[in-house]
Amino acid sequence: MAQGTKRVMLAGVGGQGILLASRILCAGLIKAGYDVKSSEVHGMAQRGGSVVTQLSYGERVYSPLVGAGAVDLLITLEKLEALRYVHFLKRNGALLMNAREIPSLPVLTGAVDYPQDIEERLSKYPISLHTIDADGAADKLGNLRVMNVVLLGAMVKLAGLEGLVDWPSIVAEAVKPAYRQVNLKAFAAGASLV
Amino acid sequence: MQKIILSGNEAVAQGAFEAGAGLGIGYPGTPSTEIIEVLEKKAGPQCAWSINEKVALEQAYGACVTGLRSLVTMKHVGVNVAADPLFTFAYMGVNGGLVIVTADDPGMHSSQNEQDNRWYALHAKAPMLEPSNSRECRDFTALAFDLSERYDVPFFLRMVTRVCHSRSLVEIDPEKAYQRQIRAYERNVPKFVTLPAHARARRIILEENLTKLSKDAEAAAKANVMEITDRDAGIITSGAGYNYVKEAFGDRYSVLKLGLIYPLNQGIIQDFARRVKKIYVVEELDPYLEFNVRAMGIECEGKKHISPFFELNPQAVAVSLEKAGLEPLEELDPAAKEPAAGVPARPPILCAGCPHRAFFYLARKEKVTVVGDIGCYTLGAAPPLDGIDVSACMGGGYSIALGMSINPPQGKKIFGVVGDSTFYHSGITGAIDSIFNKRAFVPVVLDNRITAMTGRQQNPGAGRTLSGEDTFMQEPERIFMAVGYDRVLEINAFDLKGIRDAIREAKEAKDRVALVIKSPCRLIKGVEKGPLMDVDKGACSKCKSCLRLGCPAISLGDEGYPVIEPLTCAGCGVCGQLCKKEAIQVNDEEVSG
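Here the protein sequences come in this chain order: A and B.
Start counting the first sequence at 1; every next residue gets the next number (this note's numbering).
Start counting the second sequence at 195; every next residue gets the next number (this note's numbering).
Rather than coming from a laboratory, the hints here were simulated on the basis of the structure.
Don't take every hint at face value.
Said to hold, decoys possible - Quick partial rundown of chain A residues pointing at chain B, CB under 10 Å, derived from the structure:
(1) GLY17
(2) VAL61
(3) PRO64
(4) LEU89
(5) ALA178
(6) ARG180
Glycine included, C-beta positions come from ideal geometry on N, C-alpha and C.
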């Protein structure tokens with residue numbers, strides 16, 4: 001694969017704000033001068049289903065899509081989705097996981113139980129696992145919806161990108177004026193969690 | 195000039211705007227939908243949602259006859275609907291340029307099949323360009339308009355999900371003003387009236403134009419790219435496949451990227467074959483390029499190594515061609531060889547408060563045979579609702595049901611279920627046929643006043659056009675009565691008893707009865723939530739009936755009691771009506787929620 005290209009994948013549940021997080025990240029990386037390609041899934045996959053976006057950045061990027069086993073950094077907004085997509089990571093890749101549990105349909109109807117051993121199972125993979133309570137941090141800020149930006153703040157720190165660009169201005173540009181302050185606080189809160 | 199990040203769909207809209215298109219029209223369908231929505235927001239072209247892909251293509255053609263450049267968009271299966279006029283328009287040629295976007299969905303993220311629409315170009319004799327990234331989406335849209343006019347033929351732009359919904363950098367001139375391109379209209383009966391004698395003459399002209407286009411060196415240079423970096427091995431590819439090849443192998447092997455994939459430029463392919471010893475073909479889905487390259491007498495290997503179904507990606511291409519002896523840039527070193535086992539699925543699901551839920555719940559309970567259709571309501575098939583027996587295509591919700599009613603399982607009436615947008619798209623024809631042929635059939639419209647699945651686009655029942663202008667609001671009831679139904683039962687989509695009674699009445703009726711289940715989609719702006727519901731544990735018998743609704747707000751909590759998540763509940767009240775113990779009531783504390 002093209003040398004020096006970093007591959008990031010975000011996974012969560014439809015409605016968790018994954019597209020916005022991915023687009024803010026793209027905007028920052030572009031501002032920093034990287035070639036960026038990202039891939040989003042729309043349509044039926046968004047009706048409460050499992051949602052994935054992928055993003056690659058580097059000097060020259062060709063593919064917006066990344067296959068299993070090649071992702072450097074996986075960010076999951078929900079725990080079950082971490083287990084579902086952990087095999088997309090390469091050996092020694094990093095997993096940033098929000099500690100939130102959202103039952104999927106078979107769990108809701110009682111057909112299966114939500115797995116209680118996700119952290120334990122993930123700890124057996126040759127990856128570095130970082131679990132944070134992004135929902136808790138967003139709740140403290142009085143707006144659960146900014147959970148995605150909390151995770152983004154943590155991700156930027158974890159990937160060593162915090163000095164790359166003026167992230168607060170990138171975040172501010174991406175959200176509605178009325179929600180600027182809370183999103184900026186969410187970004188900072190996320191960075192302090194890793 | 196300014197570098198901005200655009201999705202492939204946004205870039206097509208940008209290209210059409212810059213090319214001075216006078217009309218943008220289509221029928222919503224993932225992954226094509228955003229093209230028309232984005233184009234509509236740019237001051238300049240007139241834009242509209244049509245009722246189906248055939249009507250959209252015919253309008254686009256009409257506008258092109260008058261001299262406007264016209265863009266028409268649809269998903270891959272939409273081209274099947276538009277195929278009838280398509281084949282003849284190729285004979286007739288154009289006046290203003292005509293560009294048809296086909297957005298294919300390899301891997302079926304949001305579709306019922308993954309047909310490879312490159313064959314349509316060959317079959318209909320309509321030339322096709324295939325972009326690989328957003329920059330090419332913009333450039334190829336403009337190129338397609340130019341070539342359409344130069345060679346007097348409609349042009350396809352073939353996209354796939356990973357081009358439509360991928361975002362990459364495009365250099366644009368933000369100051370560039372819209373300049374509508376118009377050609378003069380001249381009456382030309384031999385060209386535009388396809389009497390057999392005229393069509394035979396046009397058939398020869400079409401073939402001549404295609405031959406000229408296949409030899410157009412300037413067009414080839416704009417669309418195709420040859421990168422000779424190795425004499426031993428080379429890869430022929432196009433579109434998304436090129437991205438995967440370059441990511442996997444960089445400059446290690448020679449690459450011929452074909453942008454004009456019909457008609458193929460034989461010269462450039464033969465040139466590549468002369469320069470490179472061994473040729474591989476990397477393409478998603480069918481061996482379209484491989485067949486064509488072989489037909490030129492050039493040896494190549496493609497599907498021998500590359501999967502013929504689902505999406506490709508760089509790693510899949512690397513692994514496949516590594517087995518054939520090529521060396522990828524990176525050795526794959528995955529954290530795990532296999533996906534984790536035993537992870538509960540997370541299928542898409544009807545939203546909390548969705549007006550489709552109660553009907554499917556009751557259809558199953560009343561043991562009705564239901565033929566479904568394409569839209570959010572296809573999710574009525576998923577357990578626990580399990581409310582659909584057969585579902586295939588737009589309009590099939592009625593027509594397939596008519597066929598089943600000829601030999602009905604258990605001798606009962608068949609119910610056909612479509613949404614409002616699907617009703618106008620191609621449901622009406624089946625409804626008329628059912629009267630004509632006296633079928634024992636009950637047509638149902640789940641009328642939520644919007645085309646919901648693709649992101650809430652206007653349709654003839656919305657009362658508004660794409661640009662937000664007020665327009666006549668169609669009512670399915672009036673249409674049913676006009677085509678010969680005796681009665682239409684209109685029921686509120688959240689009235690459980692009302693729907694159950696209507697299903698029973700329609701099942702037994704001797705006259706011709708249609709059902710319209712009505713309530714606007716909860717995602718339409720301004721549609722408000724109802725009062726939140728809560729479970730009274732004292733009254734609850736733990737029967738789990740409410741879980742049979744498959745509502746994302748209701749889950750099984752501690753000690754076997756259901757729990758209603760207040761942040762998710764939309765207050766539709768269906769669970770409350772369903773509970774025989776009256777244990778689900780309005781949550782008084784959170785009424786304001």
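Hints and how they fare:
no. : hint   : verdict
1   : GLY17  : violated, 14 Å
2   : VAL61  : holds, 8 Å
3   : PRO64  : holds, 4 Å
4   : LEU89  : holds, 4 Å
5   : ALA178 : violated, 17 Å
6   : ARG180 : violated, 21 Å
The structure is inconsistent with the numbered hints 1, 5, 6, although it conforms to all the rest.
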